[in-house]
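As given, the protein sequences belong to chains W and B, one line each in that order.
Under my numbering, residues 1 to 432 are what the first sequence spells out, in order.
Under my numbering, residues 433 to 786 are what the second sequence spells out, in order.
Since the hints were derived computationally from the structure, they do not count as laboratory data.
The reader is advised that the hints may include incorrect statements.
Taking lysine-lysine pairs in the PhoX-like style, the calculated list, with each CA pair at most 25 angstroms apart, reads [as the list claims (entries may be wrong)]:
1. W:Lys199 <-> W:Lys216
2. W:Lys18 <-> W:Lys316
3. B:Lys473 <-> W:Lys255
4. W:Lys362 <-> B:Lys473
5. B:Lys473 <-> W:Lys394
6. W:Lys216 <-> W:Lys193
7. W:Lys12 <-> W:Lys359
8. W:Lys430 <-> W:Lys399
9. B:Lys473 <-> W:Lys8
10. W:Lys399 <-> W:Lys355
11. B:Lys473 <-> W:Lys359
12. W:Lys362 <-> W:Lys428
13. B:Lys781 <-> W:Lys428
14. W:Lys189 <-> W:Lys107
15. B:Lys781 <-> W:Lys244
16. W:Lys107 <-> W:Lys118
17. W:Lys255 <-> W:Lys430
18. W:Lys355 <-> W:Lys316
19. W:Lys57 <-> W:Lys102
20. W:Lys102 <-> W:Lys79
21. W:Lys216 <-> W:Lys244
22. W:Lys392 <-> B:Lys781
23. W:Lys399 <-> W:Lys362
24. W:Lys399 <-> B:Lys781
25. W:Lys8 <-> B:Lys781
26. B:Lys781 <-> W:Lys430
27. W:Lys51 <-> W:Lys12
28. W:Lys57 <-> W:Lys105
29. W:Lys392 <-> W:Lys428
30. W:Lys102 <-> W:Lys118
31. W:Lys107 <-> W:Lys154
32. W:Lys107 <-> W:Lys51
33. W:Lys392 <-> W:Lys12
Values in this document were obtained by computation on a predicted structure and should not be read as measured data.
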Amino acid sequence: MNLKLTVKIGEKKEKARKVSIDVFPDPETAVIFTLQHIGAPNDPLVSVGDKVTIGQKIADSKERISAPVHSPISGEVTKIGEAYNPCSAEFSQAIFIENDGKKRKDKTLQPLSVSELKDVSTDFLIERVREAGIVGLGGAGFPTHIKLSPPSDKPIKHLVVNACESDIYATCDERLIIEKTSNILTGVKVMRKVLGSPKVVIATKNNKIEAVERLKEVFSGEPDTKIVAEPFTYQQGDENLLQKALFGWEVPAEKLPYEMGVVVHNVATVNAVAKAVFEGEPLISRVITLSGDVEEPKNLMVKIGTSVGHILDHYKVDPEDTRKVVLGGAMMGISIPTAETPLAKRITSILVFSKSQYKLVKRRADCIRCSKCIGACPLDLHPISIVEAIEKGKIERAKGLYLTDCFECGICSYVCPSGIPLADTIRKAKRG
Amino acid sequence: MIGRTRNKRTRVYRSSVTNRELIVEPAPHVTGHATKDLLMKYTFVALCILAATAVLAFGTTALLIEIVAVVVAVISDYMLSLVMKKKGPLNTYSAAVSGLIVALSFSSGIPYTVPGQQYVPTMMNPVVQYVAVAVISAIAVIVFKKIQGLLGRKYLNPAAAAKLLVLVPIWSALMPQDHLLTAISSFASLKGALSACYSYNAPFEDPLLTLIILKNHGWLGGASSIVVVAVGIGVILFSRGYMKWRTPLTYLATIATISASYGLINGEDIILRVAFHLFVGSVIFLAFFMATDPATTPLTGLGQIIFAIGLGVLTFVFQIWGHFFGGSILALVIMNLTVPLLDRVGIHKPFGRR
Chain W
1 MNLKLTVKIG
11 EKKEKARKVS
21 IDVFPDPETA
31 VIFTLQHIGA
41 PNDPLVSVGD
51 KVTIGQKIAD
61 SKERISAPVH
71 SPISGEVTKI
81 GEAYNPCSAE
91 FSQAIFIEND
101 GKKRKDKTLQ
111 PLSVSELKDV
121 STDFLIERVR
131 EAGIVGLGGA
141 GFPTHIKLSP
151 PSDKPIKHLV
161 VNACESDIYA
171 TCDERLIIEK
181 TSNILTGVKV
191 MRKVLGSPKV
201 VIATKNNKIE
211 AVERLKEVFS
221 GEPDTKIVAE
231 PFTYQQGDEN
241 LLQKALFGWE
251 VPAEKLPYEM
261 GVVVHNVATV
271 NAVAKAVFEG
281 EPLISRVITL
291 SGDVEEPKNL
301 MVKIGTSVGH
311 ILDHYKVDPE
321 DTRKVVLGGA
331 MMGISIPTAE
341 TPLAKRITSI
351 LVFSKSQYKL
361 VKRRADCIRC
371 SKCIGACPLD
381 LHPISIVEAI
391 EKGKIERAKG
401 LYLTDCFECG
411 ICSYVCPSGI
421 PLADTIRKAK
431 RG
Chain B
433 MIGRTRNKRT
443 RVYRSSVTNR
453 ELIVEPAPHV
463 TGHATKDLLM
473 KYTFVALCIL
483 AATAVLAFGT
493 TALLIEIVAV
503 VVAVISDYML
513 SLVMKKKGPL
523 NTYSAAVSGL
533 IVALSFSSGI
543 PYTVPGQQYV
553 PTMMNPVVQY
563 VAVAVISAIA
573 VIVFKKIQGL
583 LGRKYLNPAA
593 AAKLLVLVPI
603 WSALMPQDHL
613 LTAISSFASL
623 KGALSACYSY
633 NAPFEDPLLT
643 LIILKNHGWL
653 GGASSIVVVA
663 VGIGVILFSR
673 GYMKWRTPLT
683 YLATIATISA
693 SYGLINGEDI
703 ILRVAFHLFV
713 GSVIFLAFFM
723 ATDPATTPLT
733 GLGQIIFAIG
743 LGVLTFVFQI
753 WGHFFGGSIL
763 ALVIMNLTVP
773 LLDRVGIHKP
783 FGRR
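Sequences and hints are given; from them, build the entire structure.
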C-alpha cells in the first residue's frame, strides 16, 4: 500500500459524521441547470407553462458524452433563464419549476427487482443509467454510462468504489454507506454485470469505523470483493492517486483509468445507479453535507435544484454572520456570490464560513522559495515554477512544466507560507 | 446582486433576496497554519538556543554581539518600513533572524599558539568588533535583504554577503599574516597542531572533544557543534518539509568525504581531520542555518544536492588553500549565484509520465 503522506489536513468531520441523513422538504421552486455534467450541453425538452412531474426528463442531448436532467418536483415550468451554476462558476441556462405540491410521479423508468437483474441485458442497464442522468457524484460530474461502457478491447479487471470521501468537512458519503448499504451492494451488482464481473475493491478511510463495519457485514458473502480501509490522505481521493495507493501503478498522463483495466466510481454514484435500476428514480436528489462554521452540521437528502439560501434559512444560519458560502468541498469548491445559487448534481457539500470565526491567516507576500509546494504536490509538479512562468506570461514554459497535468487539488496553496494563490493561478491558466 | 471589488482576489456581493453579503474567494478555502512569520519565529527560537551556547562558550562578549546585531537589524527594518511605505512592510522576525545569523556567523578570532611563540591574541579589539557587527547587520538587512528583495528575488545570502563586503577589505589588517593552517602545517601531527591551537582556555584537553562539544574560537554559532547538529536536525524534523534538508546533509557528507580522502593521502588521523573540517566553526553552523536559507538556495531536490556538493568542494578548497579564515561564506556566496541555473535542473517528470 503506497501511502505517500505529503501533507496532513485536518478532516473536521467529527460532529457531522454522527448526524444521520435528514430528508430536506421539497423546495417551492426548483432551478435545474441544463448542463450539470462534463460533456455536451443539453437542450431543454420543455417550455414555459408546461406541466412536469417528478422524475420527468426536461433536458437532454443527442451527443454521446452527455447526461439528461430531470424535474425533481411536480409543477409548472415558469421560466427558462439563467442562474449561477456552481459547477462552472458562471451563469448558465436553467429551467425554473414552480412546485404544485401534488407529487405526481413520472413512470418512464420502471423499477426492477434484484432477482430480475440476471435477465436484463447490459445495454438495458447502460441505457437506464444514461436515462437516469447519472454523473460522477464525487464532484467530477463525468457521465457514468460512458465509464460503464469502456471500449471492448479494454477488459475491465477492477471496479474500484471510491468511498474515501477525502474532502474536508464532507460526511455525506459516509452516512450514505451507513444508512444505504444495501443500495451500495445492489449498485455494485449492476456495475459488475455491466463491466463483465471485474474484481471489486471498495476503498474507504479506516477512520470511518461504522461505515467500514457496515460494508464488511453487507459484502461478506460477495465474490471477488475486497474492502480496503486505510488512512488515505486527502489527495488520494483522486481516482488516479487512489489507484497508485491500491495497485501501485500510475495511470499514464492524459489517459483514462480504463487503459489500466480499472473503473473508479464514487460510492454516491453507485447508490444513484441502484436507485435508478431498482427504484426507477432518476438522479433528482442526492445527499449533501451542510457544515463549516455552523453549530449543528447536517447530512441532508436534498432535491437537486434547491436553492442554497433556502437550506441556510431553513436551518437558521445567521445571514449577518455569514462571510462566505462554499459549494463542493473546502479545497476545490467554489465560493458562491449569491445565496440563491441552486444545487447541482455534482455538489457534495455546502460549507458556511462565518465572519466571527474568520481570521486572516496569510497575506500574499513574495515567494520565499521554500519549495514546500514542490514537495507537497501529489503529482510531483513544480507549482511555483509553473506560476512564475504564468505570471511572466510564458505560457509555453508553463506547459513544458506540465501545467495541464494539474488536477487542482489545492495542496500547493494550502501549504504556501507566503499565501501565493498557486492553485488558483494554475486553474485560470488551464482554462486559458 | 451588486458586486464591488475589495481587492484583486475577493469580491463582495449583496444578495437582493436573502440579504446575505457573500465574499468570493478562490479555492482552497482552508489553509495551512504555516506562514512566513511563523517559520521565522521558529527559526529565531532555534537560533536562540545556539546564541545561548555561544554565551556559554565565549562569555558576555558573545551576548553583546548578539544583542547589537539583532537590535541593529530590527531597527534597520523598522526604518526601512518608514521610508519605503509601499514596498516595505514590517518584517520584524525576518530581520531579527538575519541579525542573529550575522552575530552567530561572526568570529572574534582565534586564540592560537605557534611553536616557540607565546599565545598570540588575535581577538579583535572589542570596540571594533561591536562596530563591525553593527555595520554587517545593517548592511545585511538594508542592502542584501530589502534592496535585493526589490529586484524580485534574493540572490545572495544577506548575512554572508554583508560579512564578505565588510570584512574582506579589512581582513588582513585584523587577522594574523600567517594563516592558521600554515601554522598547523608546521606541526608534526594534526593532533599536536590542534592541541596547540585550540587548547588555550579550552574546556577539554583532547582537541577532538573541543571541536565536538565546546570550543572558544571561531564562529559564535559553532561554539558547540553537537548542539548545532541537534538543533539543526530538530528544526529539519519539526519543519515538516519547509526546510531544505537535503542541503545540510549533502554538504556535510561532501566535506566529510573530501577531508577523509585528504587525511588518507597525507597519512593523518582521519577522524581528527574530518572533525576539524566539519566542526572548526563555520561549516557546521553554515550547513544548517545559512545554506538552508530558502530564498537563496535551489528549489529542486537535485538542485539542492548539486548546490551542496559545490558548496562543500569550494569550502574545502578555501579552507586548505585560501588565505583567510571562514572560506565557507565565500563559497556560499559563489554558490548562491548559481541558483537561478540550478533551479532549472532536476525538474522531475510528474505522475503518470515517469
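Report task. Find the hints from earlier in the document that the structure breaks and name them by number, from lowest to highest. Result -> Checked against the structure, the hints that fail are numbers 3, 5, 10, 23, 27, 30, 31 and 33, while the rest are satisfied.
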